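Number of protein chains: 2
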Amino acid sequence: MNTSEAIRTRRSVRSYLDKPIPKGVIEELLRAAMSAPSAGNEQPWQFLVIDDRKKLDSITGINPNAKMCKEAQVAILVCGDATKEKYPGFWVQDCSAAAQNILLAARELGVGSVWTGIYPIPERVQAFKKHFGLPDHITPLCLIPLGYPAKDTAHVDRFQQNRIHHNSW
Amino acid sequence: MNTSEAIRTRRSVRSYLDKPIPKGVIEELLRAAMSAPSAGNEQPWQFLVIDDRKKLDSITGINPNAKMCKEAQVAILVCGDATKEKYPGFWVQDCSAAAQNILLAARELGVGSVWTGIYPIPERVQAFKKHFGLPDHITPLCLIPLGYPAKDTAHVDRFQQNRIHHNSW
Numbered sequence: 004m005n006t007s008e009a010i011r012t013r014r015s016v017r018s019y020l021d022k023p024i025p026k027g028v029i030e031e032l033l034r035a036a037m038s039a040p041s042a043g044n045e046q047p048w049q050f051l052v053i054d055d056r057k058k059l060d061s062i063t064g065i066n067p068n069a070k071m072c073k074e075a076q077v078a079i080l081v082c083g084d085a086t087k088e089k090y091p092g093f094w095v096q097d098c099s100a101a102a103q104n105i106l107l108a109a110r111e112l113g114v115g116s117v118w119t120g121i122y123p124i125p126e127r128v129q130a131f132k133k134h135f136g137l138p139d140h141i142t143p144l145c146l147i148p149l150g151y152p153a154k155d156t157a158h159v160d161r162f163q164q165n166r167i168h169h170n171s172w
Numbered sequence: 004m005n006t007s008e009a010i011r012t013r014r015s016v017r018s019y020l021d022k023p024i025p026k027g028v029i030e031e032l033l034r035a036a037m038s039a040p041s042a043g044n045e046q047p048w049q050f051l052v053i054d055d056r057k058k059l060d061s062i063t064g065i066n067p068n069a070k071m072c073k074e075a076q077v078a079i080l081v082c083g084d085a086t087k088e089k090y091p092g093f094w095v096q097d098c099s100a101a102a103q104n105i106l107l108a109a110r111e112l113g114v115g116s117v118w119t120g121i122y123p124i125p126e127r128v129q130a131f132k133k134h135f136g137l138p139d140h141i142t143p144l145c146l147i148p149l150g151y152p153a154k155d156t157a158h159v160d161r162f163q164q165n166r167i168h169h170n171s172w
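The listed protein sequences correspond, in order, to chains F and L.
Be aware that the first sequence starts at 4, since it is given in our numbering, and climbs by one per residue.
Be aware that the second sequence starts at 4, since it is given in our numbering, and climbs by one per residue.
For the record, the hints were derived by calculation from the structure and aren't laboratory data.
Be careful, since some hints might not be right.
Below 25 Å or equal to it, Euclidean Cα-Cα: the simulated DSS-like pairs (lysine-lysine) are [what the hints assert, rightly or not]:
hint, chain 1, residue 1, chain 2, residue 2
1, L, 89, F, 70
2, L, 70, F, 89
3, L, 73, L, 58
No experiment lies behind these values; they were computed from the predicted model shown.
Let the sequences and hints guide you as you build the complete structure.
Next comes the structure, spelled out in structure tokens:
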């Protein structure tokens, strides 16, 4: 699938088939994530791949907005690593670019995904840290549940001319 | 260009040919940006397209790390719009996903780009706000200079197995 098609047709997918995702596909998604740009090429990211059924099922207990984990085959927890930051405060942008790469690579490979937010909600960050035993220097940014889509998603055009300005406000 | 190739081969491009970028290409990049996911689909973004030569040249005065603007044909200032946020604090992630879409769509179209950081450096944010007359509710996240690459960039593999963890830390 070409890049612009993946970008334009990517949608949040929250309902999945009961069909395993090959390990090679997950590695492709992580390879895409680590290809993201980062401030000063600091690459301040870590990825926790969750494919244990009980662990996936338990996530709804710490984030009620992540109910789709009960159907997901795998979820990737995208985390910032404070020890790798050269430019303080840029890890959110770096890890967001990595997360977006995961969504787009998944779209190309026919895998449905959805970006579920964690940071900067303090209680949610703490709950994920505790649940997955993350060290102090690791902050979970978002969780991306993954699975083959149970249904097709409609195309949506979000283009808005009025969000574009020229040379000055 | 397929999605994974664009993701894997995208590099920061800081040197450009003296060759105009068609307006339709810039619109494609903005269309890609606005296709990004956002918290609760809030789409809290605004884009300032800078193609005035004097404006482009003046940017080095407010960000010495953006010298490539002197060669760039166009630059896109990606901004957060506080009035459009439904989920406070998520605009950085939303706008970062939009920025990453711009870089990937540019790569597909043969246009070189580079993500130059602004937020969260307070002085830099203020300098851009003043220089481009941004209202109080608009925060510049990053500036993306664009141009056809003056030279090929080498492929770099950033994959690191030790950034991947399984089921718990």
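Checked hints:
{"no.": "1", "hint": "L:89 with F:70", "verdict": "holds (21 Å)"}
{"no.": "2", "hint": "L:70 with F:89", "verdict": "holds (21 Å)"}
{"no.": "3", "hint": "L:73 with L:58", "verdict": "holds (10 Å)"}
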